[in-house]
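Peer 1: Residue numbers (our numbering), protein chains in the order written: chain A, 1 to 303; chain B, 1001 to 1513; chain C, 2001 to 2305.
Hint data in this document are derived by calculation from the structure and do not stem from the laboratory.
Just so you know, not all the hints are guaranteed correct.
[As the list claims (entries may be wrong)] Now the in silico label distances, taken between C-beta atoms and shown as ranges:
1) B:ASP1036 to C:VAL2153: 24 to 34 Å
2) C:SER2213 to A:LEU106: 29 to 39 Å
3) C:ASP2066 to A:VAL133: 54 to 64 Å
4) C:TRP2065 to B:THR1078: 24 to 34 Å
5) B:LYS1322 to A:GLU81: 26 to 36 Å
6) C:LEU2290 to A:VAL133: 24 to 34 Å
7) C:VAL2153 to A:ARG27: 26 to 36 Å
8) B:LEU1189 to A:LEU106: 46 to 56 Å
9) A:ALA135 to B:LEU1438: 28 to 38 Å
Using N, Cα and C, we set each Cβ at its ideal position, and we do this for glycine too.
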Amino acid sequence: MSDATTNMTPDPMLEAIVGPTPGQMLRKRIFGHQGLMIGVVVLSILVLVAIFAPLLAPHDPYAQSLMARMKPPVFLGGTWEHPLGTDHLGRDYLSRLIYGARVSLLIGLVAATISGVIGTAMGVAAGYFGGKVDAVVTYLINVRLAMPVVLVALAVVAILGGSLQVVIVVLGLLLWDRFAVVMRSSTLQVRGREYVAAAKAVGCSTPRVLMSEIMPNIANNLIVVMTLEMAHAILLEAALSFLGLGVQPPTPSWGLMVSEGKNMMLFEPWMVLIPGAVLFVLVLAINLMGDGLRDVTAPENRS
Amino acid sequence: MYNKGNNMTFKVKALGMAAAAVAMIAAGAVQANKADGVLNAAFTKELENVDSYFNSSREGVVLQRAIWDGLIYRDPATNEYKGNLATSWEWIDDTTLEFKLREGVTFHNGEPFNADDVVYTVNFVADESNGVKTQRNVNWMKSAEKIDDYTVRIHLKAAFPAAIEFLSGPVSMYPNEYYAKVGPSGMGLEPVGTGPYKVSKVVPGSHFVLEKNENYHDSPKGQPEIAKVDIRTIPDVNTQIAELFSGSLDLIWQTPADQAEKLSTMEQFTVANESTMRIGYLTLDAAGRTGEDNPFTKLKVRQAVAHAIDREALVGALLKGKSKVVSSACFPSQFGCEQDLTSYEYDPEKAKALLAEAGYPDGFSTDFYAYRDRDYAEAIASFLNAVGIDTNFNMLQYSALRELRMKEGTPVSFQTWGSYSINDTSAITSQFFKFGSLDDARDEEVRDWLNVADSATDPEVRKENYSKALKKIADQAYWVPMFSYNTNYVYTKEIDYTPTPDEVLRFTTMSWN
Amino acid sequence: MLNFILKRLGLAVLVAFTVSFISFSLMFLSGDPAAALAGETASDQDVEAIRVLYGFDRPMLVQYWDWLSSALVGDLGESYYFKLPVASLIAERLQVTMLLGLCGISFALLTAVPLGVAAAIRPNSIIDRVALFLSVAGQAMPSFWFGLILIVVFSIQFGILPPSGTSTWRHFIMPTIVLGYYAMPAIMRLTRAGMLEVLSSDYIRTARAKGASEFKVLFKHALRNAIIPVVSLAAVQMGFMLGGSIVVESIFALHGAGYLAWESIARNDLPTVQALILVFSLFYIVFTFLSDVLNAWLDPRMRAG
């Protein structure tokens, strides 16, 4: 199954008999993979922060105080009242960052799920049925790839008005291409395997073959693409919000915070640096996790 | 590995690249300062067309005042009307104005200025089918008639006392032969006027270069001193400020309050602030256009909104400068803008009590709309949230919000209005309270008072009726007027300039220190 | 080969038409174009007059047909905002975007290929790890944030690079880095993977066995084979970058097509937005088509798929 292990062990049969079980091997690879571990730990922390935001946030993220605008963070001479300072309307920066984790993670998760469902359905159908279905799906993938994502998303959000729901749906409808491409080729590979032929031979219905034979065997790749697209969706939301056509204020979105902080960038650069850095860390963690998962499930293929 | 041939090619390529780089530096070098007489300024918005009849932005007005002249000129300091391209004028009757034109004036392309130019320009812009963008500026004129080479009459559609104001503002004179040939788009690309500056370069929307008109006539605008003005469109304020720091810009304007405040502490810049006629307000759906049972149809709810907002804090913390809290549905200096009327002080407890009396002890939730100044709108919405009016914030483009308001109305929206800089209440209150598609109050009494005030010739009658209308608007809290706007001008200490309150940059009154 | 090209061309044309229809209908759903056109100071009558003048009262398919048939002869209509032909407006703005795209892709190739090669020669070495880190960081870096940081550091702190504009080559340095960094990770990874694969092939072993110098093995034999997919990826990335330059152009105030697109969306300038979506799509379609043909020409196995 994997080149890396066959290179080291001359006889894979023997290895399978006397060596560690595949489960042990996988666990070893997971815990031995630095990037994956860093990604998982950081992401877990951010998820916990998002879940327990009401307990962790020192202030109401929406409470404004026009008399206490743009107070600096504590390490730049501010007070512990607002550890990371306040924004242009005097709202607590740390609290908004904490609640912002919810927005980013929600957008990433839901948008990637929507696009995952669309892309997987198309990719699996194309790979499994081939022929005309494949031709149509290939054509749709080409159409989708030809559309400039940022531009189309901006235009649609401008038309429909920005809100969390609109942004999520628009991104979900735009980011299915990689799912479709990967699921199509994975299905193509799996389709020819004996167990699929066997299932067909014993008279399993097509949906049954797809659900119980094909899907479990391409789930690895699905999860990898899912993480990468989550990161993609989070970055795009931030870019849209930055350009003023993403989620609506006063929702604490990190992209929106960078955009609002940008006005005072030359005088108060921390207002841009802090939310941008958090965004960077989140996306980095998700990507590390995705790359790591790909490495441990298909070690021969790091690209 | 390098054989001789390869080496040669490499050298030739390197030389070529170096030459290209040098050429680019030479071509692009923009040096800003007093030494070479070039003033570098920035616009924030892309100007759609330099032809002043085919744009509707401040940037357009700035260029219009530099490139073209009107028949009349209003001194921004004294508000006195002076002859510019006309030397004198008189009313023949209520709808006819006669002008004696200045002789010896030539357009930038050498075409002499005379009655034919005035007749052509007026007849062109007054014709609705030519599509002048802001019809209000020109649609009071019917036609123009040449009496002799230097005498013209302009015929009005109906009596219009503000004619002189418009002729000294947006109505400027174009060269007839050239304009007939190139039309608005040609004029936009290669503008030709009689003004103090001629245009040497236009890159649509992004770059404009003006050069001093050495043969400028003896105009009340004064003679230009700055030899060359180079204007680039830089949409981002940070970038503008960064360029100001690096010396590649000398002047920026419309700078937001926070940045202007920081810049004013730096010794190399002058920060001047002037008020503008624009006011910001909330309009509430008193007429129930979004639904009969809409909370804003209740007077107590509207009053609660007015009490919920700390307008002093908005002005003090966000707008700053010469902005003021306003309580009338007009700009205080406008004729007829009554100031002695109900004003609602900031009192969140009273707002909550009023909501409870109106039947909303736990508040309610509503859509809140805005189209500009997101931070102001957000701060206002936050004040409403604090008393229990849960706002669902919607930032729309101007056109989308306008369409929504015209078709269905909005429960509450943050709007602004600049009155076309016309110093009369008819330019604001009458625009919105006479049952037009943007009238959220639909109050017949107010409409009737405004109709009397708009058409009366006796100033006292006008004043009295505007006062009645404005008092009722305030009592009923149809609008919640918020504040007046201001504009910041930031320039290096090398420049001597005093901005005027009409939000127009005048290059002719600038000079090097 | 001809068959393959024709098939690809057919697909490309079909995709182009579909995109044109989607972009047209998207824009058609937008707010009242007449109100946008008329501007903030217009009265209701002004708006109505414009609605009739521009034919917004006609059925959508009629308007699409009109638009498409003139688009086919290069007439993309007139910008509502500038009142100038959209085609010439875009042609002028595209120069900046194309220049930026070329600089960006060159930067990406010039950094990614050497890094990828170095990483492949010594897998798991320091260089490999640095390269991997750079590429992972590049994928996670929000480009608007990266751009702002560069401005703060190089324009404000050190004052060595101009923050905006296009007048000299120095204005292009920061935008090039930001845009190029976006394409770098994918190219780097592909180069590395390609080199690893080629280096372990029989053919390289043979070359080594024959006593060819390591330098010759790497650059003459290995890189030449590994670079083919990289070139075609670069072509596709170029298509993406032109569409993605919208963020970079807005930060550095480059008056290119991306910036025009952003502004036009805000101004509801339908003909310009429609045309820009179409033009960016066409770029992508053309670049992808070229890369497909290039691939097929270099690698006959591809022609089947």
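Peer 1: Next, verify each hint and record whether it holds.
Peer 2: Going down the list of hints, with the structure as the test:
no.: 1; hint: B:ASP1036 to C:VAL2153: 24 to 34 Å; verdict: 30 Å, holds
no.: 2; hint: C:SER2213 to A:LEU106: 29 to 39 Å; verdict: 57 Å, violated
no.: 3; hint: C:ASP2066 to A:VAL133: 54 to 64 Å; verdict: 35 Å, violated
no.: 4; hint: C:TRP2065 to B:THR1078: 24 to 34 Å; verdict: 59 Å, violated
no.: 5; hint: B:LYS1322 to A:GLU81: 26 to 36 Å; verdict: 32 Å, holds
no.: 6; hint: C:LEU2290 to A:VAL133: 24 to 34 Å; verdict: 28 Å, holds
no.: 7; hint: C:VAL2153 to A:ARG27: 26 to 36 Å; verdict: 43 Å, violated
no.: 8; hint: B:LEU1189 to A:LEU106: 46 to 56 Å; verdict: 49 Å, holds
no.: 9; hint: A:ALA135 to B:LEU1438: 28 to 38 Å; verdict: 53 Å, violated
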